[in-house]
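Asks: Those sequence lines, one after another, are chains A and B.
For the first sequence, my numbering begins at 23 and goes up steadily by one.
For the second sequence, my numbering begins at -14 and goes up steadily by one.
Fair warning: there could be bad hints in the mix.
What the hints assert, rightly or not - Covered stretches of chain B (chain A as the covering partner; in silico rule of three or more C-beta atoms under 8 Å from a C-beta of chain A): (1) 10 to 17; (2) 31 to 42; (3) 84 to 97.
Stated by the list, open to error - Capping the alpha-carbon separation at 30 Å, the derived lysine-lysine pairs in DSSO-like fashion look like this: (4) B:Lys42 x A:Lys89; (5) B:Lys42 x A:Lys64; (6) B:Lys(-2) x A:Lys64; (7) B:Lys42 x B:Lys(-2); (8) B:Lys42 x A:Lys24.
As the list claims (entries may be wrong) - Distance ranges between label pairs, derived from CB positions: (9) A:Lys64 x B:Arg58: 20 to 26 Å; (10) B:Gly43 x A:Lys89: 25 to 31 Å; (11) A:Asn75 x B:Gln2: 47 to 53 Å; (12) A:Val51 x B:Glu67: 36 to 42 Å; (13) A:Ser74 x B:Leu68: 43 to 49 Å; (14) B:Ser36 x A:Ala39: 45 to 51 Å; (15) A:Glu25 x B:Lys(-2): 30 to 36 Å; (16) A:Gly38 x B:Asn44: 41 to 47 Å; (17) A:Asp100 x B:Gln2: 36 to 42 Å; (18) A:Glu25 x B:Ser7: 31 to 37 Å; (19) B:Thr65 x A:Leu97: 45 to 51 Å.
The hints are simulated quantities; they were obtained by calculation from the structure and are not laboratory data.
Here a beta-carbon is modelled for each residue, glycine too, at the ideal position from N, C-alpha and C.
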Amino acid sequence: QKEVEQNSGPLSVPEGAIASLNCTYSDRVSQSFFWYRQYSGKSPELIMSIYSNGDKEDGRFTAQLNKASQYVSLLIRDSQPSDSATYLCAVYASGGSYIPTFGRGTSLIVHP
Amino acid sequence: KAGVTQTPRYLIKTRGQQVTLSCSPISGHRSVSWYQQTPGQGLQFLFEYFSETQRNKGNFPGRFSGRQFSNSRSEMNVSTLELGDSALYLCASKGGQAENSPLHFGNGTRLTVT
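In isolation and in its complexed conformation, chain A is listed as follows (with noise of 0.2 Å):
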């Protein structure tokens, strides 16, 4: 069975630190793999895609994917209370999956 990991939390940094968020997978032929952020009471907001392993950032974020380890992480620099929410992983596997495998996501609170 595929199984995708995160840390419940609550993950809590002070404003301005890096937060490093962690998720980990089962299914080595896992191929894709996205974050997802969800504020209380909304639906999950795409906010990284990653595809290869190594690093892609954009703006303050930045997605880390190592295959070798199963291993994808999020990084948010400058945090902002603005990014206190919970942040769900999301891996595709390959060979026909059409449905992405969640974490069940890790808390995220920043304080002034």
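The hints should help you fit chain B onto chain A, whose structure is shown.
Replies: Quick look at chain B alone, frame taken from chain A:
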């Protein structure tokens, strides 16, 4: 481009009733998926439709059903509602030719069963 639209936003139903939720995907998107989200279980996949055909199905009882129309709009129906069906129901669409395109979620329908 308009996003994924779900109606209604909120619903209150009584146990034993049935409910129909609606979803309009992003224009041009042919795949529509439905998810149930509860605090205890996270995002649970219900089913996915592509070109009016159910392509994937999650592990939910037969009380949960769906369909997709020729314009890609989708509906989800839950019959004989139970208290445990109270949840946020999310619809997501995806486009492109790649099977692993990202999902784009609607605002959800908050269902409360009393």
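Asks: Each hint: holds or not?
Replies: Going down the list of hints, with the structure as the test:
| no. | hint | verdict |
| --- | --- | --- |
| 1 | 10 to 17 | violated (count 1) |
| 2 | 31 to 42 | holds (count 4) |
| 3 | 84 to 97 | holds (count 9) |
| 4 | B:Lys42 x A:Lys89 | holds, 28 Å |
| 5 | B:Lys42 x A:Lys64 | holds, 24 Å |
| 6 | B:Lys(-2) x A:Lys64 | holds, 21 Å |
| 7 | B:Lys42 x B:Lys(-2) | holds, 25 Å |
| 8 | B:Lys42 x A:Lys24 | holds, 15 Å |
| 9 | A:Lys64 x B:Arg58: 20 to 26 Å | holds, 22 Å |
| 10 | B:Gly43 x A:Lys89: 25 to 31 Å | holds, 26 Å |
| 11 | A:Asn75 x B:Gln2: 47 to 53 Å | holds, 50 Å |
| 12 | A:Val51 x B:Glu67: 36 to 42 Å | holds, 37 Å |
| 13 | A:Ser74 x B:Leu68: 43 to 49 Å | holds, 45 Å |
| 14 | B:Ser36 x A:Ala39: 45 to 51 Å | holds, 47 Å |
| 15 | A:Glu25 x B:Lys(-2): 30 to 36 Å | holds, 33 Å |
| 16 | A:Gly38 x B:Asn44: 41 to 47 Å | holds, 43 Å |
| 17 | A:Asp100 x B:Gln2: 36 to 42 Å | violated, 49 Å |
| 18 | A:Glu25 x B:Ser7: 31 to 37 Å | holds, 32 Å |
| 19 | B:Thr65 x A:Leu97: 45 to 51 Å | holds, 46 Å |
Taken one by one, the earlier hints fail for this structure at numbers 1 and 17, listed in ascending order.
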